[in-house]
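Dock chains B, C and D against chain A, hints included.
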Amino acid sequence: MIWGVLLFKKLLIANRGEIALRIIRACKELGIKTVAVYSEADKDSLHARFADESICIGPNSPSESYLDVARIIAAVEITGAEAIHPGYGFLAENADFSEICERSKIVFIGPNADQIEAMGDKATARETMQQIGVPTVPGSDGLVADLKDAKSIASEIGYPVMIKASAGGGGKGMRVVQNEEELSKSFDTTQAEAKSTFGNSDVYIEKYISEIRHVEIQIFGDSHGKVLHLGERDCSTQRRHQKLIEESPAPGMTSEMRRQMGETAIMAGQGIDYVGAGTVEFLVDPEGNYYFIEMNTRIQVEHPVTEVVTGLDLVKEQIRVAFGEALSFPSGEPSIQGHAIEFRINAEDPAQNFMPSPGCVETFQPPGGPGIRLDTHLYTGYQVPPYYDSLLAKLIVSGSNREEAIVRGRHALDSFVIEGVKTSIPFLSDITRDDDFMTGGVDTGFVEKFMQRWVKR
Amino acid sequence: MIWGVLLFKKLLIANRGEIALRIIRACKELGIKTVAVYSEADKDSLHARFADESICIGPNSPSESYLDVARIIAAVEITGAEAIHPGYGFLAENADFSEICERSKIVFIGPNADQIEAMGDKATARETMQQIGVPTVPGSDGLVADLKDAKSIASEIGYPVMIKASAGGGGKGMRVVQNEEELSKSFDTTQAEAKSTFGNSDVYIEKYISEIRHVEIQIFGDSHGKVLHLGERDCSTQRRHQKLIEESPAPGMTSEMRRQMGETAIMAGQGIDYVGAGTVEFLVDPEGNYYFIEMNTRIQVEHPVTEVVTGLDLVKEQIRVAFGEALSFPSGEPSIQGHAIEFRINAEDPAQNFMPSPGCVETFQPPGGPGIRLDTHLYTGYQVPPYYDSLLAKLIVSGSNREEAIVRGRHALDSFVIEGVKTSIPFLSDITRDDDFMTGGVDTGFVEKFMQRWVKR
Amino acid sequence: MMDLEFLRNLIEIIEDSDLDTIELEHEGTKIKLAKASGKEAGWSVNAPDLSMKDNPSPLVDEVVSAETVSTVEAETGANSNLIEVKSPMVGTLYAASSPDADSYVKVGSRVNAGDTLCILEAMKLMNELEAEVSGVIEEVCVQNGEPVQYGQVLFLLNPS
Amino acid sequence: MMDLEFLRNLIEIIEDSDLDTIELEHEGTKIKLAKASGKEAGWSVNAPDLSMKDNPSPLVDEVVSAETVSTVEAETGANSNLIEVKSPMVGTLYAASSPDADSYVKVGSRVNAGDTLCILEAMKLMNELEAEVSGVIEEVCVQNGEPVQYGQVLFLLNPS
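Protein chains in written order, with my numbering: chain A, 1 to 457; chain B, 1 to 457; chain C, 1 to 160; chain D, 1 to 160.
One chain only, chain A, in its complex shape (with noise of 0.2 Å):
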C-alpha cells in the first residue's frame, strides 16, 4: 500500500546538524530517497548515516565543503538527485546558488535568484515594503553615502540611531549610536567592517527604539499565487541579536494584531510573488506599532515553535510546494493550539562569555514525556566539531498555555544531560525561573539586563 502523491524521487541536502535530519525525516516521510552531503568533520554525524546515499563534499573548512557551490552540484549530479534543499545558513539565501540550481535543472526548495535578491539586501528590501505599504523603521530611505549625510537623517528622525550594513544579518554589521559625536565615530568604522566582513561597505541607518519586541510572522507561498501565514513567534529573547528563545503565541498578541501583522506579511509576500517558506520579522514597540525589519527567504531555525501550535509540518509543505503542489493548509486565519517554546542549546560556556565548547559529547541524555520534542544531530560519542555553528539542539516544549510550556520547559531542561562540553542549558534554565521572563513580553534588552544578574551570582 502506498500513499500520498507521489513528489521528487531523490532530494539532496546541502546542509548539516539537526536541520539536514529535520529534512531527513521529513524526506522519509514523503517517501523520497535522501542525499546527504558531508565535509570530512562529518563524517561519523547522524545526517551522513541517516540519508540514503551520503557524499563527502570536501574538508571541514564550510568555504570548501557546505559552501562550495560546484562540490554541492557535483554532488548532485552523481547521484541524480532532482532537487535541493539548503536548510538554513550557508547557501541558504545565496542568490547564484538559487540560479545555478535553476539552470542546471534541479529544483532548489528555497525562492527563485529574484525573490532572494529583493530580500537579501535590507536597503533594496526596505524601499521595495515602503513601496507596497508595508511600514518599516523610520530612517534613511535607501543607502547613506556619506557622513554628512548620515548627520542630516539622523538629526531628521532623532537620536538613538542605529547604522545598518545592508548585507549584514544574523546580529552583526550593526551600530547603536546615542548622539552626533558617537555617529561621527561610528560612521567610517562601521562601513570599513561591513566592507571587510561582508564585501560591501553599503550602510543605511535606521531609528533605534529601546523596549522592543522581535515578532516575525511565518508565510507560505505557493506556485498557484496564493500566500497564507501562520501566526508569529517572538524570539525577543535574543543575545546580541543572536536568538536564544521562541515562542508562539506572543506574549500578549491579541487576535486582532495577529490579523493586521498576519496581512501586512502576507501583503510583504505577494509583493515579490514569494513561493515557499518565509518569515517576515517585525519589531513592536510598546503601543503596538510595528515596523517590517527584514524577509528571510528561508526555513528558520524556530519553524518548529510553528509546528508545534498549529499542526504543520513545514519541511514537507516547503518540498510539497516546491514540487508545484497547492498549500495543504486553509486560507484565513490560522488555528493555533496551546504554547510552544523553543530553547536553543548551544556548545558555549555561559559563564566565559558564552564561549564556544566544541568536543566529545560523553553523556547524551535527553528529556522526555509529555509536550517534548527534540530536535538534535547528537549522540553519546559524537564529537562536536570547531568549525561550524554552536547550535547542538533544539528543546521545543508546550502546553496549554505558556505557563504549563515554561514549567515544562524548566524541568525538561534540568533532566537534560550533555556532558563532555559546556552548554546553554544552565543559562536557559535560570532564565525560564526569571521573574521578567516569566510575567512575559520581555524586550530585546532583556538578556544584557538578566546577563548582569546572572553573571554576579
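Any given hint could be a false lead.
As the list claims (entries may be wrong) - Listed below are the simulated SDA-like cross-link pairs for lysine to any residue, each with C-alpha atoms no more than 20 Å apart in a straight line:
{"hint": "1", "chain 1": "D", "residue 1": "Lys86", "chain 2": "A", "residue 2": "Asn60"}
{"hint": "2", "chain 1": "A", "residue 1": "Lys172", "chain 2": "A", "residue 2": "Ser328"}
{"hint": "3", "chain 1": "D", "residue 1": "Lys106", "chain 2": "D", "residue 2": "Met123"}
{"hint": "4", "chain 1": "C", "residue 1": "Lys124", "chain 2": "B", "residue 2": "Asn60"}
Claimed, not checked - Reference excerpt, derived from the structure (chain D facing chain A, CB under 7 Å, subset only):
{"hint": "5", "residue": "Val90"}
{"hint": "6", "residue": "Gly91"}
{"hint": "7", "residue": "Thr92"}
{"hint": "8", "residue": "Tyr94"}
{"hint": "9", "residue": "Ala95"}
{"hint": "10", "residue": "Pro147"}
{"hint": "11", "residue": "Gln149"}
{"hint": "12", "residue": "Gly151"}
{"hint": "13", "residue": "Leu156"}
Treat the hints as calculated values from the structure; they're not laboratory data.
Using N, Cα and C, we set each Cβ at its ideal position, and we do this for glycine too.
Using the frame of chain A, we list chains B, C and D on its own:
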C-alpha cells in the same frame, strides 16, 4: 514568582519505570516534592534518581517491595508524604491499599475502596453496569456455579463462548470454547487456573464475538460530582490480550458514535460516583454495536495517546482532582486534534515468541523531531531487571491524520536504536508497513494473523 | 573470607592499568572492580542536573560506597572482618525501649546472638532487631529517631 | 587463587591491542577485561536500523577502511610505502581522454610526476588529475565512469 494553586507538598510514587518518571515530571510541574520508592534491583533507575527523595523499600521481588503495602506506608511515614500515586499495575487497583491509605490519612490518587471493588470483580462490574443500563456482552448474569449451569447458558447465548475468571485481567484467565464438548473439557480447568492464579475460582461466561475491536473511553470524574469523557482509544492491536499499539481517534470512529459511547462511559462513571481517571473498555462489533467489558480505575499505560490529541495532562489532572479541585477542562464533547499512536516497546524477542530479554542497554539512541513523544526510563548503561514487566519505552507519534502518524511512527521506530537487549521495535515497525494495519480498522485477531505471515518471512 | 592480599594486588593492577572494569568469578567467589571513571550510569554523579540538587541521591551513595568500604578497611587495619548489620525494613530506628531508657547498645557494647540491638518502627508496630551473632559494637551508624531504608547499615559489629 | 602473572600478561595483551573486552572462562574461572574507550559511536555499525538497510553508509565504509588498509599492508608485506592517490573533488572519474582512447594508466603503468592519471568531471568541467610523484601504479581503485567522493582513494602508487 510562583504560579498555580498550592497542592500537596510531598507525594510518594508507589511504582517504578516510565510511569514513575511520568508522575515525577507531573509533580515537578505542579511544584510538589516527590518521594520515589525502589527495590534493590532498581537502585540505579531514573525514578530513584530524579525524585527529590528516594527510599529503598526491599529486595528485588515485587511482593517484598512494590507490592508490599506495609513497606510503602512505612516509606510515607518516614518521609512525611501526604499523597500516594500508584501508577498502573502493582497496587493501583488494590482496594485494601486504597482503604489503608484512607485510614492512615494519606491521599490515594485514585478511587476509594468501594469504587475499586465495584469494578475489580468483573462479574459484579457487569451486573452494576447492567443495572444502570450500560450494554454488556450477552452472557451469564453473574457467576457460573458448575458445568451444568455453564452448558445451559452457553446453549442459550450460542457458541462460541468465552469462560472468564472473575478476578482475571490483562489477558489472563480467559478461554474460548467452540462447542459443548470443548466447554466440558475446559470448564474445570479454567476454574482451577483461576484459583491458582488469582486465588479465586469464580468464573463467568460471555458470548465470544470475532472480528471485534477493542475501543475504550477515557473518563475523568471530580469530587464535585462531574464526570466527563475525553474520547476514545482503539487498542485492537493486541497479542494474547496484551496491547501493543493504541491510537486515537479510533479508525472509522464517527463523532456521533463517540458521543454515544462517551455518554455511556460517563453513565458508568456516574453510576459509582467515580472520582479521578478511569477507562471504560468496550468491544465494538463490525456493525458498530458496543458492549461494556470492564472499567479500569487507574491511569492507563496508553494515556499519552489521549494527552496528545486533547492537549491535556492527565496525570496532573489526576493529582489536582485528588486534591479536591474541579476538572480543568470544559463539559461537552472533547476537542480532538490530529491523530496519535502509541507503540509499546518491550524487552522481548519477537523472533523467539516474545521471550523476555532482560540485560544491559548498551546503546540507547532515541528518535526525535516533529510529532515524536517518548516516555521511557532507559539510558545507555541501564540494566533491565528480570523481575518486573518488560515495558522499556512508549513511543507516541502524532500527525495531522492517521496516515501521517503511521509513516512518522514507522521512521521513528526505524531510527530508534536500543542495543544489548532484544526489543519489539522491528516487529512494530513491520506492523506499520502492513496493508491491513494501514487501511485501519483491524480487529483483535489481527496480530495473530500478522504473526503467521511475519514468522514465515 | 577472601584473600585480601590478592584483592589489593588486583586493585593495584587495575589502578596502574587503563582498564575500567575487572570481573572475576572463581570457586564461588565473584569479584568485580570498576574504576570511578567508568561510563556506565556514572553521568548522574556529575550531572549538572538541577533536579537533583536537594536529592540525597541513592546512586551517589552507591557509587561512593566502594570507596567508603575501602576507607573502613584502611582504618580498621588488620581487622577487616566487621559485620554490617543492615535494616530488614523501612521505618524509624529507636535506640532504646522508651524515651527515658538507656540505649540497647552503644559503641563498645558486647552483645550476644539474640540480644536486642534497637527497635524499628513502621506503621505503629515496634519490631525488635536482634543480633544474629555475638560480638562487640564497633560503630553505631544511625542515631535515635532517624528514618532508615531497607538495607541501610545500622551497626558495624566485630564478631567474636 | 589464580595466577596473577597470567592476569598481568593478559592486561598487557589487551592494552597493547585494539581490543575492547576480554572474557575468559576456564575450569570454573571466569575473567572479563574491558577497556574504557569502548562504546563511542560504535553502535551505528551494528545498529539494527532499518533506515540504513539500503544505505551504503559512509560510517561503515569508514570503519571498514581501517581494515582495508591493514589488509593492504599485510598483503604487500615488506613494501608498505604505497601512496594513496585521493580524489580532490566530487565528480565522475574518466580513465581516458575519450571513450575510444586508451586509459591513461593501468596496473603496472610507470608514471612520472605531472603525468595525467585520470580525468575528473564535475559541472561539465574536465579536470586532469596529475601524479604528484613518480612510481608504478599498483592498484586502480575506481573504474571508468564511476562517481567519486572527496577524499576517495583512486589509485595505489608505489613510489620510486
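Hint by hint, here is what the structure shows:
1. D/Lys86 x A/Asn60: holds, 16 Å
2. A/Lys172 x A/Ser328: It is violated: about 36 Å lies between the C-alpha atoms, which goes past 20 Å.
3. D/Lys106 x D/Met123: Distance ~26 Å between lysine 106 of chain D and methionine 123 of chain D Cα, so the pair is violated.
4. C/Lys124 x B/Asn60: Outside the cut-off at roughly 25 Å; violated.
5. Val90: At 4 Å from the nearest chain A Cβ, valine 90 of chain D passes the 7 Å test, so the hint holds.
6. Gly91: holds, 5 Å
7. Thr92: holds, 6 Å
8. Tyr94: Given a least distance of 13 Å, the restraint on tyrosine 94 of chain D is violated.
9. Ala95: violated, 16 Å
10. Pro147: holds, 3 Å
11. Gln149: holds, 4 Å
12. Gly151: holds, 5 Å
13. Leu156: violated, 19 Å
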